[in-house]
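Visitor: Listed below, chain by chain, are the residues.
There are 2 protein chains.
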Amino acid sequence: MAQILTFLGKGGVGRTTIAIAAARRFANRGKRVLLAIQEAGPAPGLILGIVPGAEPQELIPNLKVVQLQATVLLERSWEEVKKLEAQYLRTPFFKEVFGQELGVLPGMDSALVLNAIREYDASGQYDVIVFDGVGDQATLRMLGMPEIASWYFRRFRKVFADSDLGKALSPFIQPISSAVLNVSWTEDIFNQPMAQQANNQLEQGKQAIADPNRVAAYLITTEDAGAIATAKYLWGAAQQVGLTVGGVIVNRATGDGAESEEFEPLPISRIPIQSINDWQPLIDALPDFDQASQAPRPIAVNVAERKVSLFLPGFDKKQVKLTQYGPEITVEAGDQRHNISLPSELSGKPVTGAKFQDSFLIISF
Amino acid sequence: MAQILTFLGKGGVGRTTIAIAAARRFANRGKRVLLAIQEAGPAPGLILGIVPGAEPQELIPNLKVVQLQATVLLERSWEEVKKLEAQYLRTPFFKEVFGQELGVLPGMDSALVLNAIREYDASGQYDVIVFDGVGDQATLRMLGMPEIASWYFRRFRKVFADSDLGKALSPFIQPISSAVLNVSWTEDIFNQPMAQQANNQLEQGKQAIADPNRVAAYLITTEDAGAIATAKYLWGAAQQVGLTVGGVIVNRATGDGAESEEFEPLPISRIPIQSINDWQPLIDALPDFDQASQAPRPIAVNVAERKVSLFLPGFDKKQVKLTQYGPEITVEAGDQRHNISLPSELSGKPVTGAKFQDSFLIISF
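Sequence lines, in order, name chains A and B. Take 40 as the starting number for the first sequence in our numbering and just add one per residue. Take 40 as the starting number for the second sequence in our numbering and just add one per residue.
Calculated directly from the structure, the hints in this document are not laboratory data. Just so it is clear, the structure is predicted and the values come from calculations on it, not from any experiment. There could be a bad hint or two in this list.
Put simply, identical chains are the same to the list, so a pair is met inside one copy or across any two.
To be verified - With a straight-line Cα cutoff of 30 Å, these simulated DSS-like cross-link-like pairs (lysine-lysine) come out:
1. Lys121 - Lys197
2. Lys388 - Lys346
3. Lys70 - Lys134
4. Lys121 - Lys394
5. Lys206 - Lys356
6. Lys357 - Lys134
7. Lys356 - Lys70
Hey, can you work out the whole structure from these sequences and the hints?
Guide: In structure tokens, the structure reads:
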């Protein structure tokens, strides 16, 4: 299992440059590093000095770089889908469609890139994966996917099982499954092997993202007001997907560091403007990326006091909405909805109070 | 029907600023304008001077601004889904799930934003919609969605109908549909009213995006090499989703205009560095946004000569892949796959030759 590191910040603040410097530093220190670049365009290649390809290639000793191309990843994943179908379906039909034909729909990039990182992580070939993603809300949606997708799974499974629709369909499930499937199928369509395998992967993804020693993000900003505001917003929004933010990097810093107080209590690293192609001063100015576990965690549950604390920096009370429509409580902030899966002692209990204090939303049951 | 305008370019080149200036110019000239901002963070508000909300609000006379928030749009769309289900399903079950609970998965942003623009367009309240989107590959995926989704629809419909799986399922479709649906259902599951309505919307979207008088993009760059390379890449990639690029805007221009030749034959507008809060010089330097119909079109079909020409600027021969695996030909470039739907005279015919000339891929049948 690798340590996975990514960067959040406004476009143009130098995310790719910092990602390359971070990857170089880990490699210099003897770690086996993969730098995974999501951007399909030529800009990262200009900074790297080589054109990255769809397979990892060595940049310097210990450091490989790969460009995660959605078209290539989709073709590979399609082959996996066909294997699954050949295994489970009596009369495969996806086999008639070729991976080389498939266009990329919105959302596929994120699912494919997340899956590729999962596979590189599981390969055991890397100690560190530096993910140079889109760096904004899209990266948060991607990292939030395991948690949100498992919510959809859980919620709709229950609604379907309890529904008249589920009951209306159940007489047909057995005859259809024996006509179509190789394997025996229970009445619970969410409980068959393919669904379970998918669900296990989602659970593993959730656990990895919730563990700051496994996955952490750092904010990158310049001294520009828009860049600072965006970094602060992404800091809060990251908490909503359970992602720990370990620190802030102020790139091209010339001023007095007044922006530091915006990001209390995160450690701040200031990187002066440096000449191109001289990586060492940049590498030396980077923070220690192992400190993320000391940063505030997105969620803390205190069962004894019947309290849940959510860290939501940068938002005020009016920007956070707490609802309890469904079986779980939902926190809306930063154009994200976070359904909070509670331990059994608190699950299903009504909320008795909520207050917003020092960037924490504290919910009582 | 409104004229829809969007901007593509690397992060940090000033896309939002240019979008606001463009919207202001149209409004000054008496057009009813909607400026639709996709970014959820606070940065656009800093430039606008007001915090945009989820409902259009007036910025200056004739100009309204809206922030397209995925959580809000998802809640609204969910109500529509429930209405459809109430209409078609005998025993609705989505009604048990509340829009306020739903998290945002990757891809939903794009689908929801595209749908919101479609609705604002159809409302008849606006002459011009300026869409300030993510401005990169994600915006292209979004605008490519109608064409790619209708390809998936068409392709899988045929595969399913021809397959043993389709035949194995067909005895069950009638009994299930009468148990579950309010309406009678044919054996073709792709041919029922909900699917047809979705398909019609996709067709309308495809037609709008293919018409440069309805939808056009402009490239924004600075004189930075990375920004120029990214703009050029997005120019080529835009062709792959059928989007016409009308011109180039070089922001914060100080140099001699050497970058112009990279973008031949597009018209170039150079915008000098201007002081904040003085919109007029910026507005005056903008191009005439009605020229997009004179720009090279993504695709031209010549039935008499049995030739199809694809405009693919910025790519060389090695970066473009042409395949004919399925019933249509597929062009891969710019991390996009474009399945070319041909007129009946050429459809299904084998490709006899292909050459790359002056940024055009010319395919002969």
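Visitor: Within a copy, between copies, both or neither: where do lysine 357 and lysine 134 come within 30 Å Cα-Cα?
Guide: Cα proximity of lysine 357 and lysine 134: across copies only (28 Å, versus 52 Å in one copy).
Visitor: Measure nothing new, just compare the shortest in-copy and cross-copy C-alpha distances for lysine 356 and lysine 70 to 30 Å and report within, between, both or neither.
Guide: neither (43 Å within a copy, 38 Å between copies)
Visitor: Is it within, between, both or neither when you check lysine 388 against lysine 346 at 30 Å Cα-Cα?
Guide: within (11 Å within a copy, 67 Å between copies)
Visitor: 30 Å Cα cut-off: does lysine 206 pair with lysine 356 within a copy, between copies, both or neither?
Guide: The answer is neither: 43 Å in one copy and 57 Å across copies each exceed 30 Å.
Visitor: One pair to classify: lysine 121 and lysine 394, alpha carbons no more than 30 Å apart. Within, between, both, or neither?
Guide: neither (51 Å within a copy, 33 Å between copies)
Visitor: Within, between, both or neither: how does the pair lysine 70, lysine 134 come out at a Cα-Cα threshold of 30 Å?
Guide: Neither: 41 Å inside a copy, 52 Å across copies.
Visitor: At most 30 Å between C-alpha atoms: does lysine 121 with lysine 197 qualify within a copy, between copies, both, or neither?
Guide: So lysine 121 and lysine 197 pass the 30 Å test inside a copy (29 Å) and across (18 Å) alike.
Hints 3, 4, 5 and 7, counting from the list given before, are not met by this structure.
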